[in-house]
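According to this note's numbering, the sequence shown is numbered sequentially starting from 3.
Because the hints were derived from the structure by calculation, they are not lab data. Where hints are given, some of them may not hold.
[What the hints assert, rightly or not] Within a straight-line C-alpha distance of at most 25 Å, the following computed DMTMM-like cross-link-like pairs (lysine to aspartate or glutamate) qualify:
no. : residue 1 : residue 2
1   : Lys63     : Asp47
2   : Lys78     : Asp41
3   : Lys85     : Glu29
4   : Lys30     : Asp50
5   : Lys30     : Glu60
6   : Lys74     : Asp50
7   : Lys74     : Glu60
8   : Lys85     : Glu25
9   : Lys74     : Glu29
10  : Lys74     : Asp37
Just so you know, these numbers come straight off a predicted model, no measurement behind them.
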Amino acid sequence: MKLSNLVMIMTLGLFFSTAHATETLTEKSDATKRDIQRDANKAVDRVDEATCTDTDAECAKRKMGNRAEEGKDLIKDKSSEMKNKID
Numbered sequence: 003m004k005l006s007n008l009v010m011i012m013t014l015g016l017f018f019s020t021a022h023a024t025e026t027l028t029e030k031s032d033a034t035k036r037d038i039q040r041d042a043n044k045a046v047d048r049v050d051e052a053t054c055t056d057t058d059a060e061c062a063k064r065k066m067g068n069r070a071e072e073g074k075d076l077i078k079d080k081s082s083e084m085k086n087k088i089d
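Use the sequences and the hints to build the structure in full.
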């Protein structure tokens with residue numbers, strides 16, 4: 003490989019590695035708030051699942067619903083965090 007190609011690749015790599023934005027203080031506090039809310043919802047769901055007195059099938063259905071909702075919330079929050087970091 004030619005030295006000029008290597009230098010060009012290194013320059014581009016360094017340029018793109020430092021071209022990222024950081025979150026503002028408000029965005030960081032919103033992210034922390036959402037993390038706390040997700041953890042609280044997760045704890046409430048676990049207590050609800052542990053005290054389930056319905057049939058096993060209904061308890062499993064409730065558990066799957068809780069996990070799906072938690073996953074959806076996590077994806078939504080992390081995608082907004084990534085958007086904030088890119089902006």
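* Asked: For the pair supplied as a hint, Lys85 and Glu29, is the alpha-carbon distance within the 25 Å limit?
  -> 10 Å, holds
* If you draw a straight line from the CA of Lys85 to the CA of Glu25, is it 25 Å or shorter? -> Given pair Lys85, Glu25 holds - Cα atoms ~9 Å apart, limit 25 Å.
* Asked: Does Glu29 lie within 25 Å of Lys74 when you go C-alpha to C-alpha?
  -> Cα-Cα ~20 Å, so holds.
* Given the hinted pair Lys74 and Asp50, is their alpha-carbon gap at most 25 Å? -> 19 Å, holds
* Does the structure keep Lys30 and Glu60 at a Cα separation of 25 Å or less? -> 38 Å, violated
* Given the proposed pairing of Lys74 with Asp37, does the C-alpha separation stay at or below 25 Å? -> Cα-Cα ~13 Å, so holds.
* Measure nothing beyond the straight line between the CA atoms of Lys63 and Asp47; if it is 25 Å or shorter, mark the hint as holding. => With Cα atoms ~13 Å apart, Lys63 and Asp47 stay inside 25 Å; holds.
* Mind checking the alpha carbons of Lys78 and Asp41 for me, to see if they're no more than 25 Å apart? => Distance ~15 Å between Lys78 and Asp41 Cα, so the pair holds.
* Please work out if Lys30 and Asp50 have their alpha carbons no farther apart than 25 Å. => The given pair, whose Cα atoms are some 30 Å apart, is violated under the 25 Å limit.
* Mind checking the alpha carbons of Lys74 and Glu60 for me, to see if they're no more than 25 Å apart? => Distance ~21 Å between Lys74 and Glu60 Cα, so the pair holds.
Figure legend: structure checked against the earlier numbered hints; hints not met, in rising order: 4 and 5.
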